[in-house]
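Knowing the structure of chain A, use the given hints to seat chains B, C and D with the ligands on it.
Residue numbers (UniProt numbering), protein chains in the order written: chain A, 1 to 345; chain B, 1 to 345; chain C, 1 to 327; chain D, 1 to 327.
No wet-lab data here; the hints were simulated from the structure.
None of the values given here were measured: they were computed from a predicted structure.
Cβ atoms here follow ideal geometry from the backbone N, Cα and C, with glycine treated the same way.
Treat the hints with care, since some could be wrong.
What the hints assert, rightly or not - Derived DMTMM-like pairs: lysine to aspartate or glutamate, alpha-carbon spacing no greater than 20 Å straight-line:
1. C:K259 <-> A:E41
2. A:K53 <-> C:D252
3. B:K118 <-> C:D198
4. D:K112 <-> A:E120
5. A:K53 <-> C:E250
6. C:K61 <-> C:D140
7. B:K295 <-> A:E261
8. D:K259 <-> B:D43
9. A:K118 <-> D:D252
10. B:K53 <-> D:D252
11. D:K259 <-> B:D42
12. C:K259 <-> A:D43
13. C:K15 <-> C:E277
14. C:K112 <-> B:E120
15. D:K309 <-> D:D299
16. B:K53 <-> D:E250
17. B:K118 <-> C:D62
18. A:K118 <-> D:D299
19. A:K58 <-> A:E41
20. A:K295 <-> B:E261
21. C:K259 <-> A:D42
22. D:K259 <-> B:E41
To be verified - Residues from chain C that keep clear of chain D, each with C-beta distances beyond 10 Å, as calculated:
23. L290
24. E291
25. D294
26. E296
27. T321
28. V325
Unchecked claim - Partial list, computed: chain D residues near chain A (C-beta under 8 Å):
29. P40
30. R65
31. T95
32. C98
33. R99
34. M115
35. I120
36. L127
37. A128
38. G130
39. A131
40. G141
Below, each chain spelled out in residue letters.
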Amino acid sequence: MARKISMKQAINEALDLEMTRDPSVIVMGEDIVGGTGSPGEDDAWGGVLGVTKGLHAKHGNRLMDTPLSESAYIGAAIGAATCGLRPVAELMFIDFMGVCFDQIFNQAAKFRYMFGGKAETPVVIRAMVGAGFRAAAQHSQMLTPIFTHIPGVKVVCPSNAYDAKGLLIQSIRDNDPVIFCEHKNLYGLECDVPAESYAIPFGEANVLRDGGDVTIVSYGLTVHRAMEAAEALAKDKVEAEVIDLRTLSPIDWDTVIDSVERTGRLVVVDEAHPRCSIASDVAAFVGQNAFGALKAGVQMVTAPHVPVPFSPVLEDLYIPNAAAIADAARRTLAPTGTSPRSIAA
Amino acid sequence: MARKISMKQAINEALDLEMTRDPSVIVMGEDIVGGTGSPGEDDAWGGVLGVTKGLHAKHGNRLMDTPLSESAYIGAAIGAATCGLRPVAELMFIDFMGVCFDQIFNQAAKFRYMFGGKAETPVVIRAMVGAGFRAAAQHSQMLTPIFTHIPGVKVVCPSNAYDAKGLLIQSIRDNDPVIFCEHKNLYGLECDVPAESYAIPFGEANVLRDGGDVTIVSYGLTVHRAMEAAEALAKDKVEAEVIDLRTLSPIDWDTVIDSVERTGRLVVVDEAHPRCSIASDVAAFVGQNAFGALKAGVQMVTAPHVPVPFSPVLEDLYIPNAAAIADAARRTLAPTGTSPRSIAA
Amino acid sequence: MTENPFPLDRDDLLKAYRIMRTIREFEERLHIDFAKGDIPGFVHLYAGEEASAAGIMMHLKDNDRIASTHRGHGHCIAKGVDVHEMMAEIYGRSTGACRGKGGSMHIADLSKGMMGANGILGAGAPLACGAALAAKVRGDGGVGISFVGDGASNQGMFLESLNLAAVWNLPAIFVVENNGYAESTARDWAVAVDSYIDRASGFGLPGVTVDGTDFFAVYEAAGEIIRRAREGGGPALLECNMVRFYGHFEGDAQTYRAKGEVEAIRASRDCIKIFAERVIEAGVISRAELEAIDKEVLDLIEDAVRAAKSAPLPAPAELLTDVYVAY
Amino acid sequence: MTENPFPLDRDDLLKAYRIMRTIREFEERLHIDFAKGDIPGFVHLYAGEEASAAGIMMHLKDNDRIASTHRGHGHCIAKGVDVHEMMAEIYGRSTGACRGKGGSMHIADLSKGMMGANGILGAGAPLACGAALAAKVRGDGGVGISFVGDGASNQGMFLESLNLAAVWNLPAIFVVENNGYAESTARDWAVAVDSYIDRASGFGLPGVTVDGTDFFAVYEAAGEIIRRAREGGGPALLECNMVRFYGHFEGDAQTYRAKGEVEAIRASRDCIKIFAERVIEAGVISRAELEAIDKEVLDLIEDAVRAAKSAPLPAPAELLTDVYVAY
Ligand SMILES: Cc1ncc(C[n+]2csc(CCOP(=O)(O)OP(=O)(O)O)c2C)c(N)n1
Ligand SMILES: Cc1ncc(C[n+]2csc(CCOP(=O)(O)OP(=O)(O)O)c2C)c(N)n1
Ligand SMILES: [Mg+2]
Ligand SMILES: [Mg+2]
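Next up, chain A with everything else stripped away, as it sits in the complex (with noise of 0.2 Å):
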């Protein structure tokens, strides 16, 4: 039975089910419950914007509220991973990686190969990733670049509440470290999602919208603007097909590849900065790859080589938006060699 909730609610739902289902399901991070030790309420905040608000009365103990120290419970949660249990630890925001990066990538990441197979590290760390809040340059970043280079993490990003319900619950089922970013500012979109358990596995991107002309890929928030291109490209005529990769390691090369093929045309939608970005790699696969399929560059539309801004009006500009998708898009249909060189600042 699906019902119209927000990605909150989707996230929420997913840990309840998992929660349920599977008693070595632990839940961990700063305020999550909330209230700990105060005097007023239990269960104050389910965290910092309500997204684990009251799970902890169904499931108790199993959501534990943390000190101010990022890499000694995350990397506590890693430890009782391979251990045997399945925490989903949050990192409030992904911009936080930097106070406990070593316990991801030095670790959680590096276990299964250093010990030749015979570690299984079954955690997923939740973060809030994405520029629109007017958070400023600490709370604002993507950094999916960052964790999608490191071997031995997957990475997942989901654009809307049924595809966060769905790789959430198969990131708990997942047996590697999962990095699970959820944009800020997707929370409150609502959409159509069954209330049953159901997982999406990895590495299967979604076609959004058919076309014949031009492949935008994207994920995340930008998904939604590169739908918004779309619209315009066909008010012109021009059929774009959006691909929404959900989950950035492992990528679904092949759906991006075979659509193409068919189109000769690529844009690749990113928000994070350019330089070694998801757009590169995309744009990088696909020129090693399907060289011969393309009919002109691979146009690549990210955030600039700058910091988060707080400015609304800055920040607004900062975010990758339709009108510059679109434009790269008639880029890719306009005679070769035209590009102008584009890096921002």
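Quick look at chains B, C and D with the ligands alone, frame taken from chain A:
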């Protein structure tokens, strides 16, 4: 006056010259003096591989050993830089960035932007990078893509003693934060280096070899593998142009594009993992901005998507080698459309 | 006029009062304007905690540096950052202290020795060590002060810094602003030790705990610690026990607090009221003098808000500037 | 036969001796073979520190977990990791504990409760908290033990873990193996506090300091702490003061040490000699019994080296396997 000295000596000399010239230059790191508080000789280590050996005798307390607290002392170097010093902090292995990344990417990199242009942070973070030392997964990483992704830091990775000296002097004089990556397997490599002081500007790639058939772009250790590959190719009458990027952020797009516009073919070699790498970055940029010049898909030769293995037999397979580079070059010369999909597990 | 029993002369008492009152009105006004929807982003108010900022900063000059927290407005004002520039920054205007690029969580003014509010907990501690190191290398007698909340006192960066400052014998001071909560979580649960003096001792640092709602207690303890640091006596930790009048951030419903808690602390632990009563009772300052300051402060804040609202927004080109000195 | 004055029966005394002797011979042999150039990479020897590993691990079962350091061979052996597999690992062979992919710094055997040596200082502490958490959630009475050097005791991850373990009341134990040096740097310089008991107190943890060259002192202190943790009494810190017989890593010229220092500690602070003298003197174990063990251990090591050297190298395809369970 040029003499043959090793990259290790060249780095030592650059530090010595700048400390002599500018009293605001201080140098800190774990055991960079060595033996602090210990009963034996002073200046006992000069760094774990002896790079800073002898500098303490000359410059005294402007070289400082630190406790084993990377966030605290790297952060202190950054804080001191905003107060007018020019600290050079050694992060022994770049792999340790996970315990101090916040100070680098959220603090040093963002101050100038967050503060509206009102801060300067002239700090240099020196760190060993790269594989081949049989030092396993946590002491052998490249990680250059992660820093290159971050706006606000500059990233330097010399391939030889001459460049190391000139680029380190530039790094110390530069007014922005610089991540200075020293490939540990190049420390012993000697070349002609003038005794005098000289600075090599950032963003100027070095064309090590001219050739009209294919362009090979790399940096660091794999530049030497690229040169070997070029020699092998020359035997087949294929003339490769070899470009050493030297600095990854800023990066010299002009030299790369100009070369590709002549050769029409590009191989990018990167010791980092493939996803969101320097290789994909360069390939994507060229694919977007010089598509018309390309006669074949840009080929990437990278380390695989796996941690660095310990066993020498595996580690030797891990690092991109000359044969793989030459093969990639040959692929660009084959009829298009035949290149196989290639992203190692 | 009676004799002055305080360690500050009349001018400095008036100055301290003006700082505290300015902080208070700044925050009260933000609280109102945020609720109206005028202000974007995360805003953490310092109301109730003014005596800490004022009591410490009264000892500092521009070459002394402070590294602040996410709750930084009070530190900024006490360290001399321009109130108009602060307000404009919070409104995201190009006349802001950071030209609108930083916002509430990143206000800085290095020319005043204010190294920045900080969105990352604990991050200021290493930076303040760096300021202290620079002062030590230059021998200019400056100090570096890091502010940290009770919650952030569990962050590795902060803990490492205690040891580093002690090992290097830096003129660094760590002020723990203990307001009892980290977001919604109680300090008594999250910090495993009862006394910050013990935590400081664990790193070889002298520690002092004071009632952070008592300006004079803060002022005297800070004075002693700062003097010692300037003279080469090394780092120290100062805990100020204080109260937070508003929620963790604006919009916080605060259901984790006890019923009546906020009313009670506003009534009995308002550091500005306590200060005012003391100086009036001692006969050193008159109520009228304080009220005159109150009025000036209200005008200043009103003027700052008006100016901020009518100030230009950053031009689109500003998006791409100020990333590097040169690139 | 005389009465046994020790807290272990004869079998356990012989077992403890065998563990220590095995570690010692393992390390002595690596020292020789490394100098010959047989062994690749960084190798950090545990020789001289055996009583710590043995004294603690004698209390543990396979469901108790330990997180080790870069100097991990002793912990591995004492926790029951197979010596042949260890040696093969250090030689980079496919028969190694990690199939040659980890090497000296990453030997692990989760089936024995050994969570891995670790190339990142302080990283084991959060992991051991995780093991302790898992034991607590399951209620299986297990403990998680983190080993850390004196140098690494200044790492933020370690310090945060002390607080976390106390706040969550975990069955976690932090063993500081204080051998006086971090690489070449003196502990007394780099750790700002004189006593680790004070550092533990700074996080609300009970701390105990013992002579780490005295097996029985370690054994008794560890036993008490571990028992308490198993019973829900929470975490603790144990400092073992010990000596390092070799350099920081193989190849270290050790000019930072005092003249004669190594000879002196080998003569007077050899934990194995001290143990042997005590048990022989007490008349509980005979010299001949110990010598028999010595011989068996030598044979074991010789056999392990021979097997390692003739074991197959990893096949090229191994480069790409074992990154994910499924991808
Ligand atoms: C490294 C890091 N972790 C978490 C947060 C999210 N966060 C912001 S403020 C806060 C609570 C801080 O409490 P405290 O240090 O006591 O300061 P207070 O807000 O009480 O002034 C948290 C958890 C952050 N900004 N940085
Ligand atoms: C985070 C991190 N920083 C630095 C190093 C480099 N390093 C390896 S061992 C070592 C000294 C460790 O000293 P201690 O903790 O006392 O252990 P010991 O070697 O004496 O057993 C250093 C600095 C590292 N491996 N990890
Ligand atoms: Mg607080
Ligand atoms: Mg040590």
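Interface hint outcome for G141 (chain D) [beta carbon to chain A under 8 Å]: 14 Å, violated
Pair hint outcome, K259 (chain C) versus E41 (chain A) [Cα-Cα no greater than 20 Å]: Distance of about 10 Å is within 20 Å: holds.
Hint validity - A128 (chain D) Cβ closer than 8 Å to any chain A Cβ: 6 Å, holds
Proposed interface contact between G130 (chain D) and chain A, which counts if any beta carbon pair is under 8 Å: 2 Å, holds
Distance rule for L290 (chain C), whose beta carbon must clear each one in chain D by more than 10 Å: 41 Å, holds
Given pair status - D299 (chain D), K309 (chain D), alpha carbons within 20 Å: It holds: about 15 Å lies between the C-alpha atoms, which stays within 20 Å.
Given pair status - D140 (chain C), K61 (chain C), alpha carbons within 20 Å: 12 Å, holds
Per-residue hint verdict: A131 (chain D), partner chain A, C-beta under 8 Å: 5 Å, holds
20 Å Cα cutoff - pair K259 (chain D), D42 (chain B): 13 Å, holds
Distance restraint between K53 (chain A) and E250 (chain C), which requires alpha-carbon spacing of 20 Å or less: 19 Å, holds
20 Å limit on alpha-carbon distance, applied to hinted pair K53 (chain A) and D252 (chain C): 14 Å, holds
Interface hint outcome for R99 (chain D) [beta carbon to chain A under 8 Å]: 3 Å, holds
Figure legend: structure checked against the earlier numbered hints; hints not met, in rising order: 3, 9, 18, 29, 31, 40.
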